[in-house]
Amino acid sequence: MKGIVSQKMEAAWGRAGEAVSKAGDAVSRIREGSLTDLYKDTKEYVRDYPGPSLLVALAVGYLLGVVFRRER
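Letter by letter, the sequence shown follows residues 611 to 682 in my numbering.
There may be inaccurate statements among the hints.
Pair by pair, the computed Cβ-Cβ distance ranges are [as the list claims (entries may be wrong)]: (1) ARG639 with GLY613: 35 to 45 Å; (2) LEU648 with LEU673: 17 to 27 Å; (3) LYS618 with TYR649: 41 to 51 Å; (4) MET611 with PHE678: 35 to 45 Å; (5) VAL666 with LEU645: 13 to 23 Å; (6) LYS632 with LEU674: 20 to 30 Å; (7) LEU673 with LYS618: 42 to 52 Å.
The hints are simulated quantities; they were obtained by calculation from the structure and are not laboratory data. The beta-carbon is built from N, C-alpha and C at its ideal position, and this holds for glycine as well.
Can you make the complete structure from the sequences, with help from the hints?
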């Protein structure tokens, strides 16, 4: 069981690394492109990597919530 979990985690880290690499490529293209290109690249990235995209969106939402949270 431990080996299976280890293999799954290793595969997930590999996919995450690929996603980060692709995101870096997208950032490079953003610097050189327009907003239309940014929209197309983002749409393509989310379509290709829905899991990591969702995790990033959740993390950003959480961080924004922490930053803008009102103290009661």
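Cross-check of the supplied hints:
1. Our hint of 35 to 45 Å for ARG639 and GLY613 holds, since their Cβ atoms are close to 39 Å apart.
2. Between LEU648 and LEU673 the C-beta distance comes to about 21 Å, which sits within the given range of 17 to 27 Å.
3. In this structure the supplied range 41 to 51 Å is violated for LYS618 paired with TYR649, their Cβ-Cβ distance being about 33 Å.
4. The hinted range of 35 to 45 Å is satisfied by MET611 and PHE678, whose Cβ atoms lie roughly 42 Å apart.
5. Taking 13 to 23 Å as the suggested C-beta distance range, the pair VAL666 and LEU645 conforms, at roughly 20 Å.
6. Distance hint check for LYS632 and LEU674: the Cβ-Cβ separation is about 24 Å, which falls inside the suggested range of 20 to 30 Å.
7. Taking 42 to 52 Å as the suggested C-beta distance range, the pair LEU673 and LYS618 does not conform, at roughly 27 Å.
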